[in-house]
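Novice: Whenever a hint applies, use it, and build me the whole structure from the sequences.
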Amino acid sequence: MEKRVTFKGWLLPLLLITPQVVVTAVFFFWPAGQAIYQSAFIPDPFGLKSQFVGWGNFQFIFTDPYYLASFKTTAIFSLSVTIVSMGVALWLALMADRIIKGAATYRTLLIWPYAVAPAIAGVLWLFMFNPRIGVVSWYLDKIGYDWNHVLNSNEAMLLVVLASAWSRISYNFLFFLAGLQSIPKSLVEAAAMDGAGFWYRFRTIVFPLLSPTTFFLLVVNIVYAFFETFGVIHTITAGGPQQATNIMVYKVYSDGFVGQDLGSSAAQSVVLLFVVGLLTILQFRYIEKKVHY
Amino acid sequence: MTTISLKDVKKSYGNLRVIHGVSVDIHDSEFIVVVGPSGCGKSTLLRMIAGLEDISEGEVCIDGKVVNHLEPMDRNIAMVFQNYALYPHMSVFDNIAYSLKIAKTSKAEIKQRVQETAELLQLGDYLDRKPRQLSGGQRQRVAMGRAIVRRPSVFLFDEPLSNLDAKLRVQMRLEIKRLQRQLGITSVFVTHDQVEAMTLGDKLMVLNDGRVEQFGTPVELYQKPRSIFVAQFIGSPSMNIVPVSEGHRLPNGAVVDHAVPKPQHTGELSLGIRPEHIDIEPASDVRFLIEMAEQLGANTLIHGVLEGSSAPLVVSLPGLHTLESLDASIGLRFQPENCHWFDTATGDRL
Ligand SMILES: Nc1ncnc2c1ncn2[C@@H]1O[C@H](COP(=O)(O)OP(=O)(O)O)[C@@H](O)[C@H]1O
Ligand SMILES: [Mg+2]
Chain A
1 MEKRVTFKGW LLPLLLITPQ VVVTAVFFFW PAGQAIYQSA FIPDPFGLKS
51 QFVGWGNFQF IFTDPYYLAS FKTTAIFSLS VTIVSMGVAL WLALMADRII
101 KGAATYRTLL IWPYAVAPAI AGVLWLFMFN PRIGVVSWYL DKIGYDWNHV
151 LNSNEAMLLV VLASAWSRIS YNFLFFLAGL QSIPKSLVEA AAMDGAGFWY
201 RFRTIVFPLL SPTTFFLLVV NIVYAFFETF GVIHTITAGG PQQATNIMVY
251 KVYSDGFVGQ DLGSSAAQSV VLLFVVGLLT ILQFRYIEKK VHY
Chain B
1 MTTISLKDVK KSYGNLRVIH GVSVDIHDSE FIVVVGPSGC GKSTLLRMIA
51 GLEDISEGEV CIDGKVVNHL EPMDRNIAMV FQNYALYPHM SVFDNIAYSL
101 KIAKTSKAEI KQRVQETAEL LQLGDYLDRK PRQLSGGQRQ RVAMGRAIVR
151 RPSVFLFDEP LSNLDAKLRV QMRLEIKRLQ RQLGITSVFV THDQVEAMTL
201 GDKLMVLNDG RVEQFGTPVE LYQKPRSIFV AQFIGSPSMN IVPVSEGHRL
251 PNGAVVDHAV PKPQHTGELS LGIRPEHIDI EPASDVRFLI EMAEQLGANT
301 LIHGVLEGSS APLVVSLPGL HTLESLDASI GLRFQPENCH WFDTATGDRL
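Chains as they are written, first to last, in our numbering: chain A, 1 to 293; chain B, 1 to 350.
A couple of the hints might just be wrong.
In silico negatives: residues of chain B with every beta carbon more than 10 Å from chain A [claimed, not checked]:
#1 Asp63
#2 Gln112
#3 Ser316
#4 Gly347
Derived CB-CB ranges, DEER-like [claimed, not checked]:
#5 B:Gln335 with A:Arg98: 57 to 65 Å
#6 A:Gly87 with B:Ala108: 35 to 43 Å
#7 A:Leu174 with B:Lys101: 29 to 37 Å
#8 A:Leu278 with B:Arg151: 48 to 56 Å
#9 A:Gln181 with B:Asp209: 24 to 32 Å
Since the hints were derived computationally from the structure, they do not count as laboratory data.
Backbone N, C-alpha and C fix where the C-beta goes; we use that ideal spot for every residue, glycine too.
Specialist: Structure (structure tokens):
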């Protein structure tokens, strides 16, 4: 039986949903509509008049080697951020699940990074790894490694991945810990009595039972890496060096607002719109059937 | 061939002591039942044997070897949990086969042993199902199967029947007993249900507030309870405890039959008498005021008080009786050979 609130009239429900509808319309439908509309035009650099080009902008971006490279960069970046932040968070959650004393303090400390805004997190990591004055690069220099993410693309990628993953660990940690604590203790104990060691238990009991949480986090983290890491990229590398960290979201900004190529930028936004749609469908599918075993 | 011995085993959670020194020797193939009210420390004791709980003080030995610091996986003990703890994402087959896979048993042997076990427990048709597709009784059997299949040296059961309905409970009780006999594996079974304890155990350990009240065969516990606690806990309906003063006087002033031996003791005395050990004797001084009758079929339980006092008493009479078929006040005789004497202050048997 479904439990839902039913209203007699229609005025009150209408009133209740109006703010949400207005917010969605102003901040989502309107800009999305604008993006779709603009993707069919090429405005002149002064924004005085624009020329209709149909699919032209899309044809352009999908043959543009820089845009295709950005696809690959985004894939590598999102996957790395997701794996690093989820991996570290899971490991921390496993440890936190085991300790009893001081658990509350430990958890609170682990949640703090979540409160740090992406741009601030970016600056934090930027300072630590600054080739000239950063504390980490200083130590790296001591052991004979010359760190310079301003010139080296791999190092730049590594740094934005670390900074982005770091601010996400807390969030993942909370979900993993809740997931772990919802697994009945007796299951793990039964497995131990059956002769399973810690890793075998993790592999055969804990991880499978955690899979709904893991799947949920996977989608949420990919969405994060795709769209919410703008601040980190912007403060640390601004997409460079040589576009090595120019992920799709950042490219929309840099092509449109820095490069003034509004047509291509709008087309790129529409592509991203599709990606968001796909991820959202995936997530709703998941929510529909929560139990995977 | 497995023996277990506990030597002055204690358990504390911080400052809270929950097991106050338990010592017991369990022989090979014996079926021991630990029984006591909820919260007395039964599960804690069992979990210390299993290795799931640290032992604060004392020693747990299996086959004469101290196992205090062995991990559960190294003790070769199987345990059936109260909620069964079946792996929800695995089929019945995989649940039962889990321990064998860990032990690196060959595929063919796993298949054969799981099938054998499933036959034994009438689970043959359910091997492909997931636990959530099974009834309570079937889940219970899978939990049993998981324990049996590895041929452990010890079985531990933590109230495995408490989630079943009454009829299934009786059936599974017999099945567990039969299996244990057949396999001859040393077992410790925890329950709060004294009927389950009496019917299952070769020996019973009555636990009260983390202390062993008595350890012995069901008959010993029934016939010679060592304390008022055991006397009232074992046997259904439970034993009547009546305060007795100087000169064999009951609370209402009546004098108990002088054939009932009274121990030499100074201090407050209590007389224990089971409902089934009281007979009707019309001429007796001990008058009983009837308040209620419960017909159980083969016998009738009569509830009431000793006339002239408020001391409650339960009498079990063979056959069917009703309030109408009995007089309001009847004379009683306590069977002298079945009277138990206790020190009221300490609760100890005299
Ligand atoms: N992890 C724990 N921390 C603190 N106290 C506990 C813990 N586990 C059990 N206890 C206490 O120990 C006592 C015995 O518990 P338990 O062995 O589960 O009782 P039983 O199984 O006989 O019902 C209870 O008073 C319980 O509150
Ligand atoms: Mg218990």
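Novice: If any of the earlier hints don't hold here, list their numbers in rising order.
Specialist: none
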